[in-house]
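**Student:** Take the sequences, apply the hints, and build the full model.
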Amino acid sequence: MTSLLCITMISLTLAGSAYSMPSSPSPPTDKAFAKLGGNVTLTCRLLSKDPMAFGAIGSRIKWTKVADDEALNENVLLSMGFHQKTYGSFEGRVFLQEHDSEDASIIITDVSMDDKGRYRCEIINGVEESMQDITLDVQGGLIDGVVFPYSPPVGRYNLNFPKAVQACQGQDASVATFDQLFEAWKGGLDWCNAGWLNDGTVQYPITKPRQNCGGTNHGPGVRSYGRPDKQISRFDVFCFASELNGHFYWLVQPDRLTFDEAVQACIDDGAEIAKVGHMYSAWKLEGYDRCDAGWLADGSVRYPIARPRKNCSPTEAAVRFVGFPDKMQKSYGVYCYKA
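Residues -20 to -1, 1 to 319, numbered by mature numbering (1 follows the signal peptide of the UniProt record, and there is no 0), are exactly what the sequence shown covers, in order.
These aren't lab readings, by the way, just hints derived from the structure by calculation.
Ideal Cβ placement from N, Cα and C applies to all residues, glycine included.
A couple of the hints might just be wrong.
Listed next, the in silico EDC-like pairs over lysine to aspartate or glutamate satisfying Cα-Cα at most 20 Å (straight line) [what the hints assert, rightly or not]: (1) K318 to D278; (2) K318 to E223; (3) K318 to E252; (4) K11 to D83; (5) K143 to D170; (6) K310 to E241; (7) K11 to D48.
Pairwise CB distance ranges (calculated) [stated by the list, open to error]: (8) K310 to N53: 31 to 39 Å; (9) K11 to R236: 38 to 46 Å; (10) S311 to G199: 37 to 45 Å; (11) Y205 to V46: 39 to 47 Å; (12) I247 to N53: 32 to 40 Å; (13) D306 to A12: 46 to 54 Å.
**Tutor:** Written out as structure tokens, the structure is:
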């Protein structure tokens, strides 16, 4: 019996990458909406003439998140008979609804902005086949943008409140409100450095309590330093960038650039060198993904990863920060922005 179970599970794993439906016309697409941090049901049903057969050991259900380049599709869930497997960031968050014998719908829990996109449900049940697409749109509740932590080139904890306001404005952003930071925390933002908010308080979001970030005696939450003196006290800042009104992009160049060369290259392309707020908006709200470190307007070097992978950002989707290198260094490309 144990050997049979092992063989079944091995087959399930292999089928997650190898199994595919025969080529057919594009399936019809429905639409679903979810709130950030909530749950959503993606509906898929087999209109079978023999409903008692659906859900038997021979039937297979496969859910996939479909990318523009289908070579980059992500497996979500595979069910074969009584065995189910979920994959990657969906592991432990996706479940078959199973209200009745014809239902292949799934429930996605703890929805994040990364979950939005097109999903495909594929069913094989004996000689019957079904394929359905559904597009998921995630609505950010109180925030229609992205919250990001910011510190200046001189280092962390160097901004009083007026300088914090200027720092966010310089990145095409504004100082975040508590509600915006709270929604970002619900969406998974975890940051160990305290930053100014627009009401003059200093707070920081923790989703994974740990010893060097306020200790483990307190649970997850937005932690507060209170309301320090706006002129004397020095912290980082949480900025809020809205949806882009332009085009953020990587400028293809034959050579690596100094900072001044990067600025000029964007100007020559009819654009400006992108700001940190532009990169965060493109990454979080548009799913922009590129594993190339590039100059930004504040002299920092960063790159946005929407699809975690080896040698780029192996454990999480994030805007990766390289640092504030010597501006004469010819080691990086550049990100541009056309309004």
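**Student:** For every hint, state whether the structure bears it out.
**Tutor:** Here is how each hint holds up against the structure:
| no. | hint | result |
| --- | --- | --- |
| 1 | K318 to D278 | 17 Å, holds |
| 2 | K318 to E223 | 14 Å, holds |
| 3 | K318 to E252 | 7 Å, holds |
| 4 | K11 to D83 | 18 Å, holds |
| 5 | K143 to D170 | 23 Å, violated |
| 6 | K310 to E241 | 9 Å, holds |
| 7 | K11 to D48 | 17 Å, holds |
| 8 | K310 to N53: 31 to 39 Å | 37 Å, holds |
| 9 | K11 to R236: 38 to 46 Å | 43 Å, holds |
| 10 | S311 to G199: 37 to 45 Å | 42 Å, holds |
| 11 | Y205 to V46: 39 to 47 Å | 44 Å, holds |
| 12 | I247 to N53: 32 to 40 Å | 38 Å, holds |
| 13 | D306 to A12: 46 to 54 Å | 49 Å, holds |
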